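Q: Put chain V on the given structure of chain C with help from the hints.
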Amino acid sequence: MNDDQHDDEFIVKEVLAGEIQEFGTLVSKYEALMYRYLLPQLRDLQEVEDISQETFFRAFRYLGSFDPKRKFSTWLLKIARNLVVNRYQKNSFRTEKIGYVDGFVENSSKTVSSNDPGNQLQTKEEFRNIFSDMLGLSEDLRIPLFLRVLQEMSYEEIGESLDVPVQTVKNRIFKARKILREKRDSTDGLR
Amino acid sequence: MGCDNDEVLNRFLDGDLSQSESELFQAHLKTCLVCQRFLSESTRCETLVRKIVNVSLPLGQLKGRVMERINRELPHFFPNSVEKTGERNFLQSYPWFLGFIGILSVVLFSLFILPVRNGGKQEVSQTFLAVSLGNEAKIGSQSFLIGKSIPIEVSTLVEFQGPTRIQLSKVAENYVTWDGHGFFSLDQNAIHWEKGEGEFDFSLFSPVELHVKTTVFNITGTKIKISGNIESEVLVTLIQGKASYRSPSKSGWLTEMKSMTIKKSGQVFEDSAPPANTPLPHPSNEGFDLRIEPNPGYIPNENSLPLSVGGSSTPINPGSPFDEDAVITSPSRL
Chain C
1 MNDDQHDDEF IVKEVLAGEI QEFGTLVSKY EALMYRYLLP QLRDLQEVED ISQETFFRAF
61 RYLGSFDPKR KFSTWLLKIA RNLVVNRYQK NSFRTEKIGY VDGFVENSSK TVSSNDPGNQ
121 LQTKEEFRNI FSDMLGLSED LRIPLFLRVL QEMSYEEIGE SLDVPVQTVK NRIFKARKIL
181 REKRDSTDGL R
Chain V
1 MGCDNDEVLN RFLDGDLSQS ESELFQAHLK TCLVCQRFLS ESTRCETLVR KIVNVSLPLG
61 QLKGRVMERI NRELPHFFPN SVEKTGERNF LQSYPWFLGF IGILSVVLFS LFILPVRNGG
121 KQEVSQTFLA VSLGNEAKIG SQSFLIGKSI PIEVSTLVEF QGPTRIQLSK VAENYVTWDG
181 HGFFSLDQNA IHWEKGEGEF DFSLFSPVEL HVKTTVFNIT GTKIKISGNI ESEVLVTLIQ
241 GKASYRSPSK SGWLTEMKSM TIKKSGQVFE DSAPPANTPL PHPSNEGFDL RIEPNPGYIP
301 NENSLPLSVG GSSTPINPGS PFDEDAVITS PSRL
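Chains C and V, in that order, are what the protein sequence lines are. Start counting the first sequence at 1; every next residue gets the next number (the numbering used here). Start counting the second sequence at 1; every next residue gets the next number (the numbering used here).
Any given hint could turn out to be false.
Claimed, not checked - Straight-line C-alpha distance at most 20 Å; calculated PhoX-like pairs for lysine-lysine:
{"hint": "1", "chain 1": "C", "residue 1": "K78", "chain 2": "C", "residue 2": "K29"}
{"hint": "2", "chain 1": "V", "residue 1": "K30", "chain 2": "C", "residue 2": "K29"}
{"hint": "3", "chain 1": "C", "residue 1": "K69", "chain 2": "C", "residue 2": "K13"}
{"hint": "4", "chain 1": "C", "residue 1": "K71", "chain 2": "C", "residue 2": "K29"}
{"hint": "5", "chain 1": "C", "residue 1": "K124", "chain 2": "V", "residue 2": "K63"}
{"hint": "6", "chain 1": "C", "residue 1": "K29", "chain 2": "C", "residue 2": "K69"}
{"hint": "7", "chain 1": "C", "residue 1": "K13", "chain 2": "V", "residue 2": "K63"}
{"hint": "8", "chain 1": "C", "residue 1": "K183", "chain 2": "C", "residue 2": "K124"}
{"hint": "9", "chain 1": "C", "residue 1": "K13", "chain 2": "C", "residue 2": "K29"}
It is worth saying that the hints were derived from the structure and are not from the lab. Note that the structure is predicted; figures quoted are calculated from it, not measured.
Chain C with its partners taken away, still in its complex shape (with noise of 0.2 Å):
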């Protein structure tokens, strides 16, 4: 167990003792976990701020039965992985219903340093491609990439949240990359 899981359990164990805000650290903590693992499997900001946040009233409410032996993270992610399953399985994920990337690509200037409006449209242009790419991969691709890329877990991480091996993560993510490097290939290809 690592200093990280010691602390989560120190907090659950407040928390079950009855410092009940306590649990906000926890949340404070995961929060972006929670969006990140979310995103790839969503339509909207807003389902996955409503998911996110049924997942830590669950969590809290449910806290009594979590194993300490195991991550708290990895629970979290099971419950928000059930809650998705749940809710959405008769709404298969789409990219063309994605609601957000219009909004993320308008903050993409946010990182831009430059002032030059050229330089802008041209990483905004960027980042709606590779973006889409990347939701546009199925489901067991983009979300072990997505946890790499935004989350920056280590394989084994993934591993251990998506209860899948080590090596299938590794491959699934190999394989995203391959796919996505094709993809721009193509498309520089028809430039």
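A: What follows is chain V alone, placed relative to chain C:
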């Protein structure tokens, strides 16, 4: 592409190569334009996506929203009981086991459900363990002092599908005064009732999470003196319309019902903690959804109690309506 080092390149990108592998690959990288291009392109693209997504995520707001919801919806909840989560359970992991469950279901149906169908009575029970020590009791984050009351709530999900009337009545109490305050909560509104007993018209509200709040009043003297058993029981009787229960874990098992007993009981240990190995009691059954079907010929009864809509909001949690065991813990001595 002209280079078959894709997999190594991928691992290099993620820092997954050993030192010797990394050195070998870097030597290769100096001479391979294909790998150089892929590496710089992938790094640039992934960095760009990471930057833009991270500035776009609405981080920093979730804690306030989650804690506000916990305080609003679970003010007396103490997360110290073992309950199922949304995780995949054994049956979901091993679907072949469902076959066995199916056979068992037929047996159980014959033994238990058919008799119930005839009787039309159901019971929803919750139990809790409480310890009172000192001059303060605590349920979750909320403290209760001498002279104040301790509310003990029980809730169940009810679905009304047409003009229907039900009657609520108190059945039993022990160390508890049932003041009848409570509410039927809808998604964003709550229908409050102020009287302990009466008839309620549910023609417009569905589904509804039914909360029954009982209150312990005998907190007197220098200590919180509650001992023995606390028991609260409320009878919900269908007086117009057709109703059926459905156990959430046994879909399709609809049973006609005439009445439903909502019961909350528990044992209180006074001035001493329970033995270390005393298990927390669990609800005596999994609970049921109550579905009431339309009654085409129904005309609303003018004598039905009026209901006010508004007040606190309590979104429905259809997944686990029976998991709000109240646990009174001993406060730390000051």
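Q: Would you list, in rising numerical order, the hints stated earlier that this structure does not obey?
A: 2, 5
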